[in-house]
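A.B. asks: Mind docking these for me? Both chains are given alone in their own frames, and the hints should help you get the complex.
So the protein sequences, as listed, match chains W and B.
Every letter in the first sequence is one number past the one before it in the working numbering, and letter 273, counting from 1, is 273.
Every letter in the second sequence is one number past the one before it in the working numbering, and letter 666, counting from 1, is 666.
Be aware that one or more of the hints could be misleading.
[Said to hold, decoys possible] With the C-beta cut set under 10 angstroms, the calculated list includes, among others, these residues of chain B facing chain W:
1) Q38
2) K353
3) R912
4) S929
Calculated directly from the structure, the hints in this document are not laboratory data.
We put the beta carbon where it would ideally sit given N, CA and C, even for glycine.
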Amino acid sequence: MSHTVVPHSALPSSEPGSMSSWEWSRRVFLSRSATGLLGSVALRWLNQPRAAHAAPGPHRRPRAERVICLFQNGGPSQMDLFDPKPELNRLSGQPYPGQAKVETLSPSASGNLLGSPFAFHPAGQCGMSLSEIIPHTARIADDICLVRSMVTESVCHETALRIAHSGHPLATDRPSLGSWLSYGLGTGNQNLPAFVVLPDPGGLPINGTLNWSAGWLPAQHQGTPFNVQDLATSPVLNLSTPAGVSQGARRAQLRFLQQLNQLQVDRFPENSDLAARLQDFETAARMQSAVPLVADLSGETAATRGLYGLDQPGTQAYGTRCLLARRLIEQGVRFVGVYLKSQPWDTHSDNANATRKVAAEIDQPSAALVQDLKQRGLLDSTIVLWMGEFGRTPVSQGGNGRDHSRRGFSLWIAGGGFKGGQAHGATDDFGYESVEQVVSMHDLHATVLAALGLDHAELTHRHEGRAETLTEPDLTRARVVEGLLA
Amino acid sequence: MGLIVGLGLLTLCATTAAAEPPAAGSPLLFQEVRAIVQTRCLKCHGPLEPKGELQLGTPLGLARGGESGPAVVPGNLAESPLWQRVAAGEMPPDAPLPKAEQQRLRDWIAAGAPGLPPRPQAAVVGADHWAFQPLLRPAVPVNPARHSEATAIDAFVRQSLLAQGLDLSPPAAPALQLRRLAFDLTGLPPTPAELQQFLADPSEDNYHRAVEQYLASPAYAERWGKHWLDAAGYADSNGYFSADTDRPLAHRYRDYVIRSLNADKPFDRFVVEQLAGDELARFRAGEPTDLATIELLEATHFLRNGQDGTDIGVQEPEAFEIDRRAALEASLQVSLSTLLGLTVHCARCHDHKFEPITQREYYQLQAIWFPAFNPQDWINPKDRTVYAFLPGERERWEANEQRLTAELARLRSEYVEWLASHREPSELLLAEDFETPAWADHFTPVAPGDDTPGGELDWKRSTAPTARVVGGRLQIVAGPGEGWLSTRQPYEWSPPQPGEWIEVSFDLIDNRIDGPPAERIAFALAAHDYNDSSTLPGGNLLIDGHPSGPTSLYLDYPGTDQKQLGQIGEQGYKPGQRYGVRVTCLEPGKLRLEQLVDGLPDGKLRELVPADLPPGGFAFFLAIGRSYVVDNLRIERSPSQAAWPAAERERVRAELATRRQDYERRRSELLKQRAPSPGRAIAWVSDKSAKPPEVPLLTRGLYHLRGPLVEPGALAVLSDPAHPYEPRPPAEATTTGRRLGFAEWLTRPGGRPAGLLARVHVNRLWRQYFGRGLVETTDNVGLAGALPSHPELLDHLADQLLREGWNQKPLHRQMVLSRVYRQGAAPQERGLEVDPGNRLLWRWPVRRLEAELIRDAALAIAGELDRTPYGPYVGSQQTPVGEVVVAESTPGARRRSVYLQQRRSQTVSLLRVFDAPSIATICTARPSSTVPLQSLALLNSEFALKRGSELAGRVLREAGGSTDARLELAFQLTAGRLPIPAERELATRFLSEQTTLHAGAGAEPQSAPQAELQAWADLCQMLLASHPFLYLE
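With the rest of the complex left out, here is chain B (with noise of 0.2 angstroms):
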């Protein structure tokens, strides 16, 4: 209903179908009066000192009246003040009402205010409202035409529809009602196998056997997990910055849900194992545990659904607390808009304006999430992550390092040895063993070339930064300042020919002197201009060594002109190796520098150019922070053509390629091996300490305002003495319990907590089956959200979600088999007159299906879906435009669409044009739009071809040669049932026309089979668009 966006001020929602004035009776009528009062009267008359005692924000606040008694008297227009003071334009006092509006309000009272609650008695303003009572346990009516219903909401709807004179309509044709129950528990459309079966005997038995079934299926915890992942505000990113940083390891938190609703985990079990499962779970970390205590900590991935920027905060402080208490709010507002439908996150600045929450309460509820959430002992996000694993698995993952690391060892070894006895000749430029005294004639502060000293260092005085020769080992002494010792010598760094190299190695002998070891062992090629007053450009290549790491290169090194190059190498320099490195032309302009570890090359690689590298010297960086000792420096190069005839050079080079390659192969396949550690690492919460923290409100929830600490608790309003909060830490007290107790709290079956968690609940089940909630505000049962349309039957179904011991399965059986549910979908003209908007649901209300429906069904239709479960998400890419979507070639991409990325800034096009929602906090109830920009998804997108042809070849294959046949399978595939005579009339007429079409006309004519499977192509793709493929009657 999505083109329908209602009436501006009075639009109650955006799908509201009713364009004309509802009747007097209707129920829609007080929802729109108290639309008008709120936005006309709460500025005096809201929650918070209200003018007169008369807070009309609410139903009960309006039937309660003020302080000189009711403001309105149902059917006495005479009688009501709320009517007198308007009507002689006393209210609101700015402006009288529009005309309407008082129309609106006049007709209502004068119906007899229909939709008024009786005057409430209660003393807390709010405490009486319905959805914080205790569950009633509502007798189930006895319909005096019929002694017994399918089902208690059989009795329920039609109480309330035989009140209106209507009835339900007759039921729908089996296969419609196959089809929606495979839709509305699967996401997907009965198989033809499924369909054939159930058409031939659509008994009773045979029906509930398929609802079996259907809730047998994985693909039931897939469709259902969905809507739980929906409204727990689930995405695979951080969001908060435009950046939305990636979560990777978010996706064992959706497996988590999916693999509860497969084990049919009791409701209140799920619920306590998100909000404290860490609590529960007698988990160590270092030591082994089980996939029961897995699945508790993964569960805890709930309390981090909401947006968290604080991995890429900026660098201030205040900024840093900021996004800490944002990411901490955000928490607690997707929590209990999850679990309890209200907006409770509106009472952090002040005491709520529509609901009985003050500000004192919403502080006190932020303290059970505070030990977890803490802004002044933060964890970030990446960071907070746990690893797991199973007994056994440490054990084999330390097996398999010690035999990695042992073959790695050997095959090192052999090659090293095998490498000594075929070095590739070479001409040695400088070999300097420091064990004379005129090794200090080969070296200078004075880089060769145009430079000038470098600074006032002279590395020949004592005082540091230096360098000195003790016990025929070259020390480089850290000291403040900076400056290098070069060689007096330059050399030609950028060898002109293929094949070419020259090479700088030295043994690490040490990496400390007395001190602490060394930040880094760096040196420089090419250096000529260490002041950086050179013409010339390039050269001073800094080689920054890293301890344990990779290394970083800088050009043009020191000055403002330094560029960073990257980084080559992995190992990192440590003391008893040998260092150095290569530079190799590889074709005319084109060098690759290497770092080499005993001669070996290793990691990351770097191409240069020759301009990177003019001549100049070889020089020890002299540094603060860097002390170390080296010996036997070597600089050397390829040997001449002429000392080394071509082909003996070939066939040497040759053979060192192939044996390096073969070593790089082995040891790659070894890496390969390597798991980064045991176990899994899970994305978690947990409290930081056991230590309670103090909290303390926040004047007008400005973080710099601290105002009293407040002791955690729970809601006021549904607050019960005989089911108190209190915390409920563990017995190895590595929590402060705070979330364990509020989810107890919560969940104790008797208290109004629970009440709610199952009004909530299963209100959104039945938005699921009937497109609209009991509560139309799926995501607000307060007193700012809409009535029940038949509160009776909704605390019947949250009651039996309770007896049934918060099991959910009999409760969606309980909806399928329901004559409500199967009742058919045809307009009856005394419907259409009473109840236009079918709020009674006196027929089967047509849907559109959902977006991930419309092309999981596509790709399960056209026989393509890869029904592989769990694991890392599908990724999405976006356009330069910002078009999100999953290539045809990704892997998985054919996966359904519960494993695609939900990147909350990156939602897929396709999905997005059917309105899935990009997540920002939860989502409950989906608009369903119909905009021509999914016409033109459906047919020009590279998706909607691939699968028409997709499923033509499986109609081909699969029906035989007869058209009629193929009509068949293709229509059952698609609309879930046989052509009807007109469809089969038009799709023949279509077919025939289309490949003569094809066989005929364009520049290249097709063959006969040719055109005729493009025409089926053609057809099964305008299936794949049509009305009965798209909508669920």
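In isolation and in its complexed conformation, chain W is listed as follows (with noise of 0.2 angstroms):
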């Protein structure tokens, strides 16, 4: 199978002529073998591929390839964005006329019912009707598939975040869904990680690098988390040369050290650790080279960079991510995580300005990267994600705020097999409780492995003698869902 679809010569190779020295040590030790030191078995071993490369799947013929997630820390509020509700509109002010009292996580949160103060327009051919204050997002109605019915477990942000990334409420040793894909698919580019994570330069989000943890799968498959900030100098810890080590001399040192690993390398030509060590001093000067490269925006044009709103001081911090997003996939890299700064989207109080505030900052840079990736021809495939832990109650909190809500929400996913311009469930009149083709969060993961041609009860990875999936679908019944695929 090949992931390498997206053209490297970007980013530089090893030298003209060179060969890897994986591909060397196997070369020197054929010779020698040849000599009658050791026979065939030992050949056997040096005729497998490097096994960095066995990953599990996919297990079918994939759709996508790759994941942008676009995480919307703190639950954006449906109602204002997504899932215009006329009847909550008319009925504002009421008390809340379900039989049930709406499920908050604070108690003194349940007020009366609070319309939305913004206006809803169909958008694009498909004329799904999205709200006044996501403009941008209007303009790609007919490339996402927004599902209205989504479903969680809790109100609470650090469980439905675990649920959100690792399908567990409470476990914090269980890989999220991009140490999964990482895992499942392996890498498309050696010289970058799998899975990078593009968290705010202004701080974390809740539950901090749990959000990218492997778990309990190998290191190599948890998030590589760049530093936007310093993009220029060092987006990746100890990537950079240090100051006061030439280039010359960072050569010599390397090529010693090489040569001097060799030696063992050669005193074990069956142990793969060796030589995939041995190479990965190569693979780390050579992501020396290509993360900077990567990471350097200014080749991006005038109109690219207007496009994600990087000239404009309110959209380009998110802008920047999101643009870097599109140049990690065109690398190959598998997974990207985009997150924000603790949870922006969180209105407790004053929901209506707040969530506009937020809409401002988030709604173009999204929207251009799917318009990017499509010009790019990479929208079909590469799933982008756009999603929060849960959505907001219909109910005021303090008179304008809305607390949190597990029983009905929206998010959109766009590209990678899923079957834009469509508007997937329905939640009530308040858009509190999803009433139709209802979505959990697990049936987001699985359908999104699905798309990425894995099957989720079969992605498994052996931990305490169990064999553990993403979805754990014998307790969760996730189930994939045909009605977001193309």
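C.D. replies: Structure, rendered in structure tokens:
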């Protein structure tokens, strides 16, 4: 299988004519084994491909190859963005008429119904109704699959974030979606991590690095955070050659190190770990050139920069991360997670103004990413996932805020085999409970994996004697939602 | 082997090496078949109501077959219903087995079903599982070719090797043996002296001497202590919520573990202390105790290694219950995984799917933990603390307290006396002694400025809250509602010139009037706007005095725009003292607010800006719960320039400042000698009371679905009429004795539980030496776990542990003295052919150093390792994107890794990248990954660079001038051996070229000695990144 649909010409390869050290060690070994030191069995070892590429998947024909997850920390308000509710607006200010009380995090948060002050307009040819505060998203309406019937299992940020990322409400040792994809599909570029995270330079989201933890999967599958504030000098920890070490000195150091290590590899030709580490030093050196190149936005045209809103202060920060996400997947990165600092969508007070403000920062860059991918022919093979951990209540908290709500909320998915231009499912008249074509977080995970050619029940990793999965279908009843897929 | 991730569905373990189908006779084949069956068949043939009584989840179930007889007849496909049904496409019913998997199944049966146990007879499913049997004492095999082996380990391992036509490899070179030994026993490399001594005489005797020396060193306890801490789920933080709050006292448990290993404590005692140290200890809070008792209390921290979010839970009772239950369950899960190697927690919601453990048994076990972690009678983590002191410690502490109190009082009175005669002159703005009715003319409920009246309150009326004068003193009388008693006169509260000040003070005569003491003593500066209708921001600075702590500040009080400004002072408001505040101008635009007690500055200060203090009145705050009596209110300010000539002013202020500094210095010196309490705080666990609580079974594990009550009990599958579980309440009956009873049940020699405990522990020790457990799943030896590769050897070693009175060192000794351990690592054709994964141990398995070993060894080699043992952790910091570092400047930054902060969400990145765990439950088997981020850390991190240059300094210092001698030392330090000729040649050439490069190139060519030193630093850093350093062979 090939994951390398993207031209790599932008990146440096190893020096012309040189072979990788793995190749070299194999050749050296072959020439020596001719002297009869080792026989055919040892040769069988050598003829295997390097096991790093032996990822388990895909299980079936993939529609998509990679994912960008624009995570909307805090829980965006569905009835102010995606899910118009005339009945809610009509009864605004009156008590919620449902039979049970609205479930909230804070007991004080179940006030009267709170309508949305925003107008909704039909968008695109499909005519899906979207809020006036996300005009750029409206322009990509025909490309997005809007899910209005999401549910999750907790109204607590920590717990809901764990469910959204690793499928489990409490466990802190389970791998996140990006780690599963790195594990299941491997990387498309040995010079870059398979799973890259772009946190807000202003700070980590709730749950911090747990959001991109590999849990009990091997460490290479954890998300590698890029320091977006410091793209020019050190986007990844320990990436830059330290000041004071000249290029010439470093080249000589590496040559010496590799020759030294080669002596060990020659003694243990069957030990793939030694050979892999030998190769890793070269990979690391190539990463040192590859990462700054991918992180260097200076070659992007003014039109592209404008598209992402890099020329405006409000959208510049988020636009930079969205643009960087595109550049990363272009180079073969499997999964890019873009995060917000803390949780700006958490609009417990002054919901309308707070939501409008965050939307103004997020809307244009999010839509730009989809448009840009489409222009470049990458949207078909890239899933863009725009999601938070839950939604918000139809009733007010403190008069003008909204508390957390888990029984009904919206998110959208673009590209990668998802059916654009449709709004899937529906909530009740108040936007509180999903009532039609309900989709759980586990269903979402299963469906994203399916689009990538992975069977969620078969993508397993053995841990504590169990074949673990992301979705735990026996417990969660996770299923692929075919209606979301094209 | 980390980059090898195996085959997905069939992945048995991330580090399984075989990428090709296992050979017919290989145990791997059976493991794959088990994986197939577990994935495809358990929906119907699991342990709960298996269809046709056929239970395929375990090897024994597979061997037993179902109601219609055996499922598998080894070697006979036609007679094996399992194969027949699969081949016919009937099973699994929903989708036929993929061809590749069918082939594995077929191969396995055709090959005689290797690994399938004999058909069992036991009635209870799982009771005949190997790990639950009493320990056997297998006969040590006598190999025909040789009469005696160095150790029993060799006899067992060679037996299975010889059966495959294999044998052990020749011994490794002496230097390599010593390096393994040093790293495995101490976590540190051999020193050059140790190496030279051993190489000079690599005899058996000398090897034995080295073994004894390492086993006796404190480093042994740190190394093996860390293994235990990982297995026991130790962390310095609470986890659960993302706040991952601190456990500042957890280190006492870490130190307990290390001390116990240093003291060679028998393993059973070690376990009993951790489960029930409090029940063994004769400890009474408030009475002196001894070090042994203190250790027992520290040991119980084992029970709180699980995650516990109850220190920051949310308000709702339901959430409380969930968080508390989660902490109880975590404690049980961690303890039983650590000790029994079983996933007991899976039975919380339903009978266990793989193991013979019912849901009822889960709650019987929970009942043992319950008295200490009772959700209805909960103790928050930070309050789960006890103070313990040794004889005399309390007396010494009290004497010290008395001395300090007296000295502080003397210091203070001297200063107050001095101040009385050296007071700065002042200009009096208001002096009210409340002796005449005229006082009322000075006060109003309406603050001066732009205020409207303070509500409907009129303090001149008698309804409370109000103010009145009785006996020449002002009474502030509490009542419902709020208001204030303000001066009519506004004052300027922000003096414009540096050094100028304004001060308010009053005597606090009493803090009550016929009722409870006042909750607060509150007054306001710059009062101008009670009803919050003013357009002028700032002002209304409420100074909210606390009876026993610091004073809180609120700006713009009351109203929605009020803002908390932090705190000043520290002593609290007590009757009989004079209180006040002073605002001093520090520089234009910058004010300092301080609290005064008897004219002396007290505690914390607060900086303000002039906008905070517009002109306004001084007001006492009237409200409910705040009755008190004051007198002699004074408002005064620094004298005007004209009234007090500059020269004189500066002289007086300088003198005052000097004296004040002197007073504060002496005071803080005294305060530093103060200890918060006698002895030490210990984070422990004990039962809340001796009364047995009611413990319900929870239906489906849901907290609100309370089922029948259960009594404490242990697992039926391990039960043994000769070794029953029963609570053992201590004589003083301060606890239920449930945990002590469990600990004794678990460790009693001869019982099944002790057999399991010993097997689990021995298996983990084995893994640390040989890279893989005798049972590969070190955290699960139940029916769902792997089968032992050498079952008799495992039992022999477990039995030996018991026979040696649970002393661990004989086991360690046997491991490292074995020929298996000391053999070479070179590939052998026959071995690669028959057993490419080296499961049978025909050679030493080459291993990468673990994360902590890389860091500790680099520091040791560079001559920098700080060997300070014990005590609070060395803190780490998280960068904005989540990388975790221990700054080189941190005190203790060069101590062993076991002493670094083990925060769950904050594993030090350098260690994490080399697979150090971030502890969620426990960790008994780390992966050993190989990723480019490791290479980046070795090439570019500050840590690596620093160690390289330090090591170069050491080599040049210690090895004299010859390049050869220097190279020899550098290789001895990093690789534990002399360089081979090829390495010598490479290094020599590198040094010479690199020296030339440094001397000639770059913007600033270096002097010859500098260039040479730099070249050596380069060499040393590369050696610390090289295979010979990173791998044990």
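A.B. asks: If a hint holds in the structure, say so; if it does not, say that too.
C.D. replies: Hints, verified against the model:
1. For Q38 of chain B, the shortest C-beta to C-beta distance to chain W is roughly 7 angstroms, which falls under 10 angstroms, so the interface hint holds.
2. With a least beta-carbon distance of about 9 angstroms to chain W, the hint placing K353 of chain B at the interface is held under the 10 angstroms criterion.
3. Because the smallest distance between the Cβ of R912 of chain B and any Cβ of chain W comes to about 7 angstroms, under 10 angstroms, the interface hint for this residue holds.
4. Given the 10 angstroms rule on beta carbons, the hint for S929 of chain B holds: about 5 angstroms separates it from the nearest Cβ of chain W.
The structure agrees with every numbered hint stated previously.
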